[in-house]
Amino acid sequence: MRTVLRRGLVVAAATAGLMIPGAALTATSAAAATPRPAAVTAQALPAYETWLADVTAVTDQASAYLNDRLPDTGIRPAIVLDIDNTALQSKYRPYLATPPVLALARQAQADGAAVFFVTARPELIKAATEVNLQVVGYRWTGLYTRPTFDFSDNQTLKTKARTDIERRGYTIVANVGNSASDLGGGHAERTFKLPDYDGQLD
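Numbered by mature numbering (1 follows the signal peptide of the UniProt record, and there is no 0), the letters in the sequence shown go through residues -26 to -1, 1 to 176 in order.
If you are wondering where the hints come from, they were derived from the structure by calculation, not from laboratory data. Keep in mind that the hints are not guaranteed to be accurate.
[What the hints assert, rightly or not] In silico PhoX-like cross-links for lysine-lysine, where the CA-CA straight-line distance does not exceed 25 Å:
id, residue 1, residue 2
1, Lys134, Lys167
2, Lys100, Lys134
3, Lys65, Lys100
4, Lys167, Lys100
5, Lys65, Lys167
Here the structure is a predicted model, which is why all the values come from computation and not from measurement.
Take the sequences, apply the hints, and build the full model.
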């Protein structure tokens, strides 16, 4: 039986590696029981330059799409960005912007689109997150975090946020994130998935 552990919330900082415990043994007697290895070696993340190139390959596609889609005076366009390992680097160089994502946000704004951040970070650190985003150069219209006592899964949480953005009169032309839960649930014309390397950057 395979045990899967997912990384918890990143608060603008790298997290420690996870250890996956081995399965328990069933033995007919204590003398017959033999311990099994407890750790499974995690796959190493690619080099920073590789990650950045992989991110750029996706944001180049998003940029080309926005070039064709915007400006559009018939709607109130918006793009939605995830934060951890998307708008901000949380694993490789914590607290810094992800350069191609920052460039994409600025491109969208120059063409008349609002920028919204939708994250599973708790509301408790919303103010600190806003400071971090502002310091590295982002400007935005709205930031959605996880409300206190909201225990819904990430996809449900983020879909609700996008639905609220639409209720405010915006058309979400692009949704960018590095996890399936960032993008699932609809309420965006196009989605663009950044690399997560088998969940290591979720």
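Is it true that the CA of Lys65 sits at most 25 Å from the CA of Lys100? Between Lys65 and Lys100 the Cα gap is close to 19 Å, so the pair holds against 25 Å.
Are Lys65 and Lys167 close enough, with their CA atoms no more than 25 Å apart? Given that 25 Å is the threshold and the Cα spacing comes to 17 Å, the pair holds.
Compare the distance between the alpha carbons of Lys134 and Lys167 with 25 Å, and conclude whether the hinted pair is satisfied. holds, 19 Å
Has the given pair, Lys167 with Lys100, been kept, meaning a C-alpha gap of at most 25 Å? holds, 24 Å
Pair hint Lys100 and Lys134, alpha-carbon separation not exceeding 25 Å: Distance of about 18 Å is within 25 Å: holds.
When held up to the earlier numbered hints, the structure conflicts with none and fits them all.
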